[in-house]
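Based on the hints, put chain B in the right spot on chain A.
Chain by chain, the residues run as shown.
Number of protein chains: 2
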Amino acid sequence: MRIIVDAMGGDHAPAAPLEGAVRAVRELGVQIVLCGDEKQINAIAREQGYSMDGIEIMHTEEVITMHDTPTDIVKAKENSSMAMGLKALREGKGDAFVSAGNSGALLVGATMLTRRIKGIQRPAMAPILPTADGHAILMDAGANVECRPEMLLQFAMMGSVYMEKVMGIKEPKVGLINNGSEECKGRALEQQTYALLKNSDLHFYGNIEAREVPSGNCQVLVTDGFTGNVVLKLYEGLGSFFAKKVKAMFTGIGKIGALFIMNKLRTFRDSMDYKKVGGAVLLGIAYPVIKGHGSSDGGAMFHAIRQAKTCVDGKVVETITEALAAQKLRSRQQSES
Amino acid sequence: MRIIVDAMGGDHAPAAPLEGAVRAVRELGVQIVLCGDEKQINAIAREQGYSMDGIEIMHTEEVITMHDTPTDIVKAKENSSMAMGLKALREGKGDAFVSAGNSGALLVGATMLTRRIKGIQRPAMAPILPTADGHAILMDAGANVECRPEMLLQFAMMGSVYMEKVMGIKEPKVGLINNGSEECKGRALEQQTYALLKNSDLHFYGNIEAREVPSGNCQVLVTDGFTGNVVLKLYEGLGSFFAKKVKAMFTGIGKIGALFIMNKLRTFRDSMDYKKVGGAVLLGIAYPVIKGHGSSDGGAMFHAIRQAKTCVDGKVVETITEALAAQKLRSRQQSES
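If you read the sequences in order, they're chains A and B.
Going by the numbering used here, the first sequence opens with residue 1, and the numbers climb by one from there.
Going by the numbering used here, the second sequence opens with residue 1, and the numbers climb by one from there.
Incorrect hints may have been included.
To be verified - Here are the computed lysine-lysine pairs in the DSSO-like style, where the Cα-Cα straight-line distance is at most 27 Å:
| # | chain 1 | residue 1 | chain 2 | residue 2 |
| --- | --- | --- | --- | --- |
| 1 | A | K173 | B | K245 |
| 2 | A | K247 | B | K245 |
| 3 | B | K93 | A | K247 |
It is worth saying that the hints were derived from the structure and are not from the lab.
In this text, all values refer to a predicted model and were calculated from it rather than measured experimentally.
One chain only, chain A, in its complex shape:
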């Protein structure tokens, strides 16, 4: 298996992507195509004494930064490491793509340069949230600010496939994020999506209020990209807010006690760290595309590459394609009957 990695994306590029790639070759037995500046990459490899076995460098000179507008990837920055990597993916030079760079550019690039799965209306950017007893995928967390009910139905299906194939959850429960649990709740979007989900063959839990999101009652959380973005970022913001509050609680309790508590807190923070689960997955693209967090270190890049490998192993794209065909057949039968 060959994973294409954007060596120039993220705050710690190219050191972090390179470190993740070296570790992935050694521990996962994959091959890596690193898109980026050959000189910079080789300098770090020499400095760190990395073996470059299993790693091929695809030399690129341009870089999409966080300040570029998303559409630059198909215009001014069409030769950037991210653009070249996505084109290589489309040409079959790799099985999946990983980048910790500009999310908007990755979304535009994946859609325009790699292309969607046929029949998918819009791809979704889907992070994995920690819950009381596991994880939940959030569909969509920002790719599509305005959504139609049919898009949300596809998000629910793609999220279910991911949780089953990659996270190993049998019959994942799908919850529609809403301002109440009753069927009549929400805007027109939620009311119409409710009807679609109820009639689908997914494991529909019903509406889920935001209060219940961390409970783990649903493993697939469906919402539009605006609301999903608020959920994701509040998860992040409140996580560090609470960690700081708890830390402040225990100041001035003596050195040994503090050490003990700080260790406990670190374990807690780690359990909340979505970087350990990998990055966000861009679902709906014809190949697995993983978006690592901008602040990814070598370890986080390694986990993102492992996540890409699990997507390939689990045939996520193939299963979504089959599910789409089944869904189409089903709705044709329904309209005929």
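Frame of chain A, contents of chain B only:
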């Protein structure tokens, strides 16, 4: 000052509203009109040995429950304690109203039976969220699922008045909840609201991402009622999720250590407890209306009554009315120039 209290609203009615009322008379020097079942109220008062000085009972027999639909308050349940209290408020029999009952019914009742401030398009249900260094008011948290930009501008103004007059914050900063900090971000609603806020005389901070909400950078958080509901409920849900996680971290560490930590955790939980700040305020109604949490105990009801008193003392309704007039004048001058 006379505060009208719905004695039959909330999970612990009428005991909790009565306890709150008795304490409010004693500690705040207000008079209370309790709407509810006289027999039940008097039985508890006797049992608890409460002095009923300063408390007048307005006998009602019907009760709006959590299962009633909001519009029942003007139909089948027009003689309920909540409806009768809101009508009494309109008739000037009290200066403010407090209820821990059905939120939807309270919203409909306050709008239909008590009436809005003239010129306010829609009232907003506004809870107070704890932040790193204080509190922020969330406008709107569920009253208006779909909003227009002009409504959000009014929410911003009303929230600013509340934070200044009731919470004592000078020049509170107004943040528009959005999926990015740049001016161009969001849906049409956010883009148009941004322009209105930028041209207003409020202290506009700009867009605020949900990640930044707990930071305390803004004291007035503006959004539509659907998104606000998600923010409020995720705050609640993640709060208890983190508290449980932290508690679990410290199990099996011996009795004295556990006691020490549980005490610390209680302090933490209390600092996160919005019930201590009172309830959510329904802004835009011609009198102060406070919605206590459904699970309010006597203490929470007391704090909600105190909050109602502070609204009256701070002339919140009068200030909103003046600000509306100034806003109108300002926009007339702008369109003329």
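Practice problem: Give me the numbers of the hints this structure contradicts, sorted from smallest to largest. | Solution: Per hint list: single violation, 3.
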